[in-house]
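Quick note, the sequences are listed as chains A and B, same order. The number in the working numbering is simply the position in the first sequence, starting from 1, with 29 added. The number in the working numbering is simply the position in the second sequence, starting from 1, with 165 added.
Keep in mind that a hint or two might mislead.
Below, a list of computed lysine-lysine pairs in the DSS-like style, where the Cα atoms sit at most 30 Å apart [what the hints assert, rightly or not]:
(1) K101(A) with K259(B)
(2) K444(B) with K315(B)
(3) K299(B) with K67(A)
(4) K259(B) with K67(A)
(5) K444(B) with K118(A)
(6) K444(B) with K299(B)
(7) K183(A) with K101(A)
(8) K67(A) with K118(A)
(9) K210(B) with K299(B)
(10) K210(B) with K183(A)
(11) K238(A) with K294(A)
(12) K210(B) with K67(A)
(13) K67(A) with K245(A)
(14) K315(B) with K299(B)
(15) K299(B) with K183(A)
(16) K245(A) with K183(A)
(17) K183(A) with K67(A)
(18) K118(A) with K101(A)
(19) K118(A) with K259(B)
(20) K299(B) with K101(A)
(21) K298(A) with K238(A)
(22) K101(A) with K210(B)
(23) K67(A) with K238(A)
With beta-carbon atoms standing in for the labels, derived distance ranges [to be verified]:
(24) K67(A) with Y399(B): 39 to 45 Å
(25) I440(B) with E66(A): 54 to 60 Å
(26) A331(B) with E203(A): 17 to 23 Å
Note that these hints are calculated values from the structure, not bench results. For glycine and all other residues, C-beta sits at the position ideal for the given N, C-alpha and C.
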Amino acid sequence: MDAITAFDLTKEYGGTYVLAGLNLQVPQGDAFACVGEKGCGKTTLVRLLSGLARPTSGECTVLGLSPAHEPKRLHGVAGTVLESARLYKGMTLWENLRFFAGLHGMDDNDTLERSSLLLHKLDIWEGRDLPVEQLPTGVLRRGSLARALIHTPKILLVDEPTGGLDQETADAIERMLNYAAREEGTTLFLCSSHMSYAQRFCRNYAILKEGSLLAKGDLETLREGAGVRFRAQLRLGEHSPAPAGFRFVEGAWEKDLASETDMPKIIAKAVGEGLELYEARLIRPTLQEIYTAWMEGGKRKVKELDEPSAPEDVLWEEGEPLPQGDAGEENLAGEVPEEPDLREDREFGEPEHQGSTEPLPEEEI
Amino acid sequence: MNLENRSTRGAQSLSRKKKFDLGSLFSSGEMVLVGKDLSSLWRSKGTRALLMLLPVILVVVIPLVYSVAISFLPAADELALPDRIAALVGGVEKYGPRRQWMAAFTTLLCPMLFLCVPIVTSVIAASQVFVGEKEGHTLETLMLSSMEPKSILHTKVTCCTLLSVAISYVSFVAFAITVSVADLLMGAPFFLNLEWIVCLLLFVPTVALFSVVFVGWEASRVHSCGEALQTMGYLMLPLLLLYLAQFAGAFRITVPLLLVIVLVLGGMSVVLFNITSRKFQPEFLFRSSPEN
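The shape of chain B in the complex, shown without the other chains (with noise of 0.2 Å):
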């Protein structure tokens, strides 16, 4: 009985373990498309490249060039943060100009430069594995395979989500500690607040997965890689326009404000990926009479 009773709970720990495996995301066959994306991501010179080079640059170069310029910054009162700026930041009155600028830098500035590598690695990867696919006529021989085309959608996006978000979580243990030096360095204040831990959270995966559906669902309609990336931009816009507004001094992105934007966003990657997986049909991707 006791054994009985020892084994049932062994299985039920099991399929609880189970549960949290890559395994249970994907089925085999997905597993292999998975494998088989990733692979092609590394073997793309250029893609492993700007995969790698533009989130260095956001989160480690440019907050790096800032410090060092910052610390040749005289220490005159006059150069002090604005004061709009100051009472965005909050409790940095009592420390000097180089401090309040770097304080001010990584709280209002560095999210809106991290929160721009879940946007490029999420479109750099998704473009290679929809669009590249459809441009290198491969897309065609996939939907000829033993998978639904929603579960190719579905693989894909995943499989760009979980890479986009390990690479921003990569990135910003990169990001950390290149201002953690710089802020012990000028003994500014660490950079770590509640915001920051909600970008990281929330905003990052959601951001991640509305990028991947948004290159997803214009699949369709681009037909080469490069048309797909231009579409970055659309994506970093309204990022850089809400981060720089707030630098303006125009309003404060506070953890309720920044709820409300990860909600709406979730919502509309929802709606835009069962809109995709609607048109994630041979018929819409390939719509041009073949016999011509």
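This is chain A alone, in the form it adopts within the complex (with noise of 0.2 Å):
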């Protein structure tokens, strides 16, 4: 069974459709992201999931059960945050949770041990006796959570606030989403305008694009949709030349690949033709960063920026004139590099780029 199905899943608020016609299947025990911009409908979507709104048209089930007409089955198996449902104010934090988990009917005896567990693991057992009023936002959040998982749902819909996450926040909420998804089978439905937070607790990605759903899978599969491609990175010894088809980019050579499966032969080609390769690394496109592919249409656009580029598996033709990088010529003229953008970077080892065959200087490497 689907933990989450959407069919044609529609909303109007006042004459807008802010979801328009998603479906969307979620397995049982994974941990889904549904990522999109502000105002893309991630917020709607967990409301109608959580039975807090009503679609317009279509439907959902979370766990098989309507949440528009069986909301208190739904809300005995499934934990919801948002950033409208708070905690109540002039209680302490672990009033809040004995009182939520009074209203889920557990005894005195699970709630002390569930609360304390809680709490030790979203790492606010210091704060459990302050009010609420009183309390850190990151804290606060925290303890949002505990009150999502204080009758251990199987389900967990989050939606993740605008402002982001501080670090031991983040820390702390991806522990506490590890311990409930290895110890207690929950599943996570998370919905962020983050990437790197949605990477960072989630296998698999939805992403949404004013109110439909543009792709969906996991990161791999994003990525080849998006066609955006690995890179090799490359760090020469000073007195090494360029490589060809490499660019300079913040201290080291990179290249787009086909495949990850070309990263040996590029280590084997540099340790061939005598690199003085220090560090070879692949690096995997972000999920910000298939997202923006995403959004900006996809391998359409990626295809366009490939058409002039340099073979792949040649690192410099024997005989021809070393190429330099852009980066290295720039600050070796004393001046500021800019931001290097991946996809508008010149190639190297094209006619207009070739000239000097010296080295870069060591500082700049």
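Got two chains here, separate frames each, mind docking them using the hints?
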């Protein structure tokens, strides 16, 4: 059984379609994130799935339950974190947890045990006896998560707040979510506009754009769909010539790869050609890069950018002058390097860039 | 056999006893919510002050000031009650002006002051419990718990009504002591009559229920506790008009009239509760787009 299903899910507010015919299936046990920019329908989706709103048309189920018609049963097996669903002011964190545990019909012993576990795992034990209005934002966020997890739900629906999370909160939440997923089999459904958090917590993703599903899958599927490539990054010795097809980005040479299997070949060739190879890394595209590519049109745009590139298995041709990196040249001239844009960087090895074979000075590599 | 019978009878009497337990009125989750609501009302200093001070002013301070003022009234016959009002009170012709005015006050005006107590306390409690939760974004959290919205409404309405009735009855005790002492000191007739008993037993619970349901009904429309408290005026105005019209001699509020009003208010409460429970859904309570 899927943890979440949505068929042609549509929600309209005052004539504006916030969600437009969304179709989605999330398997049980998954850690799934819906990502998109502000206003793409993420919060509305969580509200529909948690029964706080009813769809204008279409339908959705959570663990086979209809949020609109069986909210009581749904909330017994689902926990929901929303920025607009807050804890009670005037009550301490501990009292809040005890209250919500009581609403879920938990007895005192279970409440004590579960609350202690959650407060310790989320690292907010120290703040348990403070009134909610005195707690910092990060602790409140963790407190809201503890509230949603108090009854050990089978699925956790999280709408991540717009403001993002501080490092300490993000770490604590990650620990808690990992524990809930591993030890309690909780399915995570996260809606976020912060790709780094989504990538940190989840394995599968859906990209939403203007209330519709743009793409869905794991990172690799989305990467292939968007046409974003792996990158090889080489750090060479100071006297090494610039490798062909590579561009100089932030102190290292980078090149797009068709596949990650090309990486060993590049290393072998670099070593075989006598380059002073200090470090070779395969850089996997982040969710942010993949998301940006999808927003910019996916494969089409990438294909256009690919056309003038040099052959990928050649570092440089025998006898031809060694290519020079743009960034390095700019730095040599003493200019401030610009923020590198991977898709717009000029390819080395092209005629207009060929010139001096002088190696880059040490401090610039 | 005897033992079996005895144990069956014991169980029956236990279950009969259980019917009067608060636990039979609320489920365990609802009891938790009642406890939280009552404690949040108590913790809020402003609400606590209003719930305690307003009844005291209405049923202790005002009657006390009136009694003291009446005690300074000269015993001249021209200051006696106008005939029309005296006829409304009934059987006060034999008393002096002070006693007549005291009797008129306790019979014709004090029920109005007393009936303001359930309205005031109901509106204060309900606006905190319904609109205060909505304002503090906790009603949404409550809707995410294992309680049906209808059950939340039922619990909050019952809790506020019971609280209001309890405060009203405590107020009545304070009122009865104040007025009885004044009656005794002035030699006025004892205030309690059949109308008062109907007011106490039927009117107070009905008007408290109606006031709470009214605030629950408007919870989706108003945005703040202050806004909800303003509706107290709509509820008190008909009551004030009713009793002031009586004091002006327009008519007499009799037991049958009170029973009719109680029935009408009860019916309206049921209808309004049903309308409210249909609208007491997150979809109606939180209407705006969350994406903005």
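So, going through the hints one by one against the coordinates:
Under the criterion of a C-alpha separation no larger than 30 Å, the hint pairing K101(A) with K259(B) is inconsistent with the structure, at around 66 Å. Straight-line distance between C-alpha atoms of K444(B) and K315(B) comes to about 9 Å, which keeps the hinted pair within the 30 Å bound. Between the alpha carbons of K299(B) and K67(A) the distance comes to roughly 24 Å, so the proposed pair stays at or under 30 Å and holds. Proximity of K259(B) to K67(A) is assessed by CA-CA distance (about 81 Å); at most 30 Å being required, the pair is judged violated.
Pair hint K444(B) plus K118(A) holds up; C-alpha atoms about 26 Å apart against a cutoff of 30 Å. The hinted pair formed by K444(B) and K299(B) meets the criterion: a straight-line CA distance of about 14 Å does not exceed 30 Å. Only pairs whose Cα atoms come within 30 Å are accepted, and K183(A) paired with K101(A) is accepted, the gap being roughly 14 Å. For the proposed pair K67(A) and K118(A), the alpha carbon gap of about 28 Å is at most 30 Å, so the pair holds.
Distance hint between K210(B) and K299(B) is fulfilled; the C-alpha atoms sit about 19 Å from each other, no more than 30 Å. Restraint check for K210(B) and K183(A): the C-alpha separation of about 40 Å exceeds 30 Å, so the hint is violated. For the proposed pair K238(A) and K294(A), the alpha carbon gap of about 38 Å is over 30 Å, so the pair is violated. A threshold of 30 Å between alpha carbons decides the hint, and for K210(B) with K67(A) the separation of about 39 Å lies outside it, so the pair is violated.
Of the supplied pair hints, the one linking K67(A) and K245(A) holds, its CA atoms being roughly 18 Å apart against a limit of 30 Å. For the proposed pair K315(B) and K299(B), the alpha carbon gap of about 16 Å is at most 30 Å, so the pair holds. The straight-line distance between the Cα atoms of K299(B) and K183(A) is roughly 28 Å, inside the 30 Å bound, and the hint therefore holds. A threshold of 30 Å between alpha carbons decides the hint, and for K245(A) with K183(A) the separation of about 23 Å falls inside it, so the pair holds.
Pair hint K183(A) plus K67(A) holds up; C-alpha atoms about 28 Å apart against a cutoff of 30 Å. The suggested pairing of K118(A) with K101(A) holds, with an alpha-carbon distance near 25 Å, which does not exceed 30 Å. Using a Cα cut-off of 30 Å, the hinted pair K118(A) and K259(B) is violated, with the two alpha carbons roughly 60 Å apart. Restraint check: the Cα-Cα separation between K299(B) and K101(A) comes to about 20 Å, which is no more than 30 Å; the hinted pair holds.
Restraint check for K298(A) and K238(A): not satisfied, since their Cα atoms lie roughly 42 Å apart, outside the 30 Å limit. In summary, the hint linking K101(A) to K210(B) is not supported, as the alpha carbons are separated by about 34 Å, beyond the 30 Å threshold. Straight-line distance between C-alpha atoms of K67(A) and K238(A) comes to about 10 Å, which keeps the hinted pair within the 30 Å bound. For K67(A) and Y399(B), the Cβ-Cβ distance of about 41 Å falls inside the hinted range of 39 to 45 Å, so the restraint holds.
With their beta carbons about 40 Å apart, I440(B) and E66(A) fall outside the hinted range of 54 to 60 Å. Taking 17 to 23 Å as the suggested C-beta distance range, the pair A331(B) and E203(A) does not conform, at roughly 49 Å.
Checked against the numbered hints above, the structure breaks hints 1, 4, 10, 11, 12, 19, 21, 22, 25 and 26 and satisfies the rest.
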